[in-house]
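**Q** Those protein sequences? They're chains A and B, same order as listed. Mapped onto my numbering, the consecutive letters of the first sequence carry residue numbers 1 to 785. Mapped onto my numbering, the consecutive letters of the second sequence carry residue numbers 786 to 964.
Worth flagging that the hints you see were computed from the coordinates, not collected in a lab. Wrong hints could be hidden among the right ones.
Said to hold, decoys possible - Computed from the model, here is a short list of chain B residues facing chain A with C-beta under 10 Å:
| id | residue |
| --- | --- |
| 1 | R793 |
| 2 | A856 |
| 3 | F861 |
| 4 | T881 |
| 5 | P907 |
| 6 | I914 |
| 7 | S916 |
| 8 | A921 |
| 9 | P923 |
| 10 | F933 |
Just so you know, even glycine gets a beta-carbon here, dropped at the ideal spot from N, CA and C.
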Amino acid sequence: MSKKAAHVKIKELKTDIGVIKDLELSIGRIFEEKWDEAIGPTPFPSLTDLREWDFKLLERYKPLYLPFCDLCCLCTLGKCDLTGGKRGACGIDIAAQQSRFFLLGCCIGAAAHAAHARHIVEHLIEKYGRRFPIDIGGLTVEVEAPITRLVCGVRPKILGDLEDILDYVETQITHLLSSTHIGQEGSNIDFESKVLHAGMIDHVGMEVADMAQIAAYGFPKADPEAPLVDIGLGTIDLQKPVIACVGHNVPPAVEIVDYLRANGLYGKVEVCGLCCTAHDLVRRNPEAKIVGPISWQLRFVRSGVPDVIVIDEQCVRVDSLPEAQKIKAPVIVTSNKICLGLQDRTRDSIDKIVADLAEARIPGVLILDPAKAGEVAVRTAVKVAPKRKKFKVIPEVTEIIEKAKKCASIGDCNDCRRACPNDLPIPEAMMEAAAGSLSKLADLYEECVGCARCESACRAGNSVHTFIIKAAEKKMKEEKFKIRAGRGAIQDLEIRKVGSPIVLGEIPGVVGFVGCANYAHGGKEVAEMCSEFAKRRYIVVASGCSAMSIAMYKNEEGKTPYEMYPGDFDAGGLSNVGSCVSNPHISGAAVKIASIFARRHLRANYEEIADYILNRVGATGVAWGALSQKAQSIASGFWRLGIPVVVGPHGSKYRRMLLGRKEHEEDWYVYDARTGDKVYAGPVPEHLFYTAETKEEAMVVITKLCMKPNDTTKGRAIKLTHYCDLHKRFYGTMPDDIHLLTRTVADIPITMKDEIVKILEEKGWKERTIPDPTLLPRLIRKRKE
Amino acid sequence: MSVEPWQRAEIAGPKKSLVFAKPQVVVTMVKTAKRPILIVGHKTLENGLGEEKIVDYVIQMAKTAEMPVVATAHIFGEFVKRGFKPAAWMSLMDITNRLQDTEWKGLDGMGQYDLALFMGFPYYMQWVILSSLKHASPDLKTINLDRFYHPHATCSFPNSSLEYWIKCLKVIIGELEAK
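Chain A extracted, bound-state conformation:
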């Protein structure tokens, strides 16, 4: 892709119809494409270009709204009471308000990724030049930007091309956000269509960000054997100065490592990270350490380990500065999105900044130049570390016991438990602590999400979260695990290998564990689910905090899932694609199956490819601890492609599901592309967005959501085997909808034949045809009679 500005100037033009003088015509950009593939129907789609497709999805998967409260509070006409069918002062009802709120969340999420992408692209262009080639996998990845190709209809070749794609992304986010203003959109279904648009746009923005950093920073390029790296607090060498990088935008962390290397300090200073910056840090530098997901931030800081804390953007605790001050660690903020009230020292001399920080004259600085931030971080850490001596705010056991006694004297207040998102039995643990034992406090560690709301609520002023950290200190120090560094894209070769068995259903599905760490019962549940599906020969992929949580549990042999399963995109493999912005490698893999395996035209052909994925590619996303607006927009991007997403119990607080009704036969008809007939395809996939109450429920529903109308009989039999097996294991019975999911006798798993045939007979089941499924009439290849 390349662009040109066209400017035509005509001094005088004489024609048969007249004379034109001093005509000037300017066209801002022309995209020159030397690409054989014909452009599809929707290049750079607007808010309404894919509305018809959205409506098809939303007709089948209707929104279920779960309002937090009864009110709308967005403008000064309100607050407005929306209960009992009442409308607000602007005319909005509760359904439109809920969908509007959901769209707002998606705009926030998409904007966070797009702004990140803009920042990193600009930074890398400045550093490596506009013409730096985008290579994210060499010959193994010819379809290097499946989402961008699909949505925009262009192929970015150099870093400079990415700027134009971001222009489009930012424009769309502005339009979407504008529709949430008072007096704009009024239909909840149109808001929902815009939600899907926001999600799609978000995947473009993320893809741009990850392509840029993979290419320029030399991250693993579609490498199934990306190195196994250290994760866990126990992996950090406490004898060295420690720099902790927190956030999602890696340039400052990269500059830290580059400075260490350039100045002979490499190996003498420990560099570690939390959240997605950590993912990207180890993609660049496998010797760095990952501490853990976002929920580890507070426990890590209070442990006193970091000597300097470097903050970039997104998913950073906004009380980072006061928390760092407690342990006397200087803070360096590096993004214009997070300034924390600190003085901008970008233009100051490094010597002076380091001196101010090292002498604790200031608690932190804002430095908007990543290279300068990197040097300041290293030099400050080296100076501060001997003074700090890993100063921590974790009390001794005797102090906790004394403070717990104070808590016990207040009586039955329960404020800590009532503030806890997971309703953890903190009062009981405090009572036991008052009696001299910290074991119940230690038990809370696993399920604590690290929010510290318990502390804000405590009438006795106790630092409850810190007590939990102290009680579980031994466990925390023993956190030493291995995670495979983010591999980036899926190779075209891998897609060719698995395309057929996925589409035919013989690989039972692709399960992607993505998103944040707001787990109801700790990250162990994600690791358990991941292992279950890898053992069952699903293709398992992971990203973000979920990818970290998967790593933080070992089997009986002391191996983490990344050591147990290969990193290939293949049956029984476990691929960590990388950070949040690596998620389009997962959606992109589904797109590439349509393109590479099925040879569907990809270029600006969104609707057809989404129709293909909805009907043929058995993929399901699992965001078990999703908490952020970014996770919300990521999920929305999967839905528009027809990929269902399951969230954990806290995900119900996104306040909107997209649910199918399996008993509504009329909802599950598709066109048979071979004949044009409308054919009942069964309720697959049953839902697009679904909250599961427990991990057991999640595992059962995941097997079902991986079923697609196009499954071959062999493929459906394999999928039904997993569904029935898990259903029996967790629910003690066979599923009640097996007659809806069985199309022919050949679909029935051989090992369960007698049992299933009996059920089918009881239900009066009849065989039905397996269509060549599509929801798009234009794809019907009608036989000519």
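Here the structure of chain A is known, so what remains is to put chain B in place on it, guided by the hints.
**A** Just chain B now, kept in the frame of chain A:
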């Protein structure tokens, strides 16, 4: 006992649930309902006093009131182990979705329900479910049988001690038996 949301920040809005002055109110509501349904989540396995779990009280209640039970998540098998077969397994999302559909014929094909009793869910999850039904199912009454106050229900237990709550459940079961 207190009549405020268990999780402090879960402030609802203008339409808040009534609180049972006495557990007998539940009995009256169940007895006067034409089509009640009991929806039971996995946390009924976690709570209880001694050997008895809340799921055991649920079974007694369902039997005495002859109410259909929808078991969500992985609780179905626990009912079966105890010799009781719920009317259906259905996820909390699915049953909530169906309770909002005036055309839904119910588990038995006899029509929509007019009273739904909930227990055994994470507090925050039940919160949004009850809110959803409050807004979208105006003809449905909902009862929160869990021991923490839920303002989005039509009627709710107040925040109660485990002992008081179980005592109330026993009263409800006893009164339903005496009908």
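**Q** State for each hint whether it applies.
**A** Verification of the hints:
Given hint, B:R793 at the interface with chain A, holds; its Cβ is 5 Å from that chain's nearest Cβ, closer than 10 Å. Because the smallest distance between the Cβ of B:A856 and any Cβ of chain A comes to about 8 Å, under 10 Å, the interface hint for this residue holds. With 10 Å as the threshold, the beta carbon of B:F861 comes within range of chain A, its nearest partner Cβ sitting at about 5 Å, so the hint holds. At a threshold of 10 Å, the smallest CB-CB gap from B:T881 to chain A is about 7 Å, leaving the interface hint in force.
A hinted interface residue such as B:P907 counts as satisfied when its beta carbon comes closer than 10 Å to some beta carbon of chain A; here the least separation is about 5 Å, so the hint holds. Taking 10 Å as the C-beta contact cut-off toward chain A, the hint placing B:I914 at the interface holds, the least distance being around 7 Å. Annotation: interface hint on B:S916 holds; nearest CB of chain A at approximately 5 Å, less than 10 Å. A hinted interface residue such as B:A921 counts as satisfied when its beta carbon comes closer than 10 Å to some beta carbon of chain A; here the least separation is about 7 Å, so the hint holds.
About 7 Å separates the beta-carbon of B:P923 from the nearest beta-carbon of chain A, less than 10 Å, and the hint is met. Nearest Cβ of chain A to the Cβ of B:F933: about 9 Å, under the 10 Å cut. The hint holds.
When each numbered hint is compared with the structure, no violation occurs for any of them.
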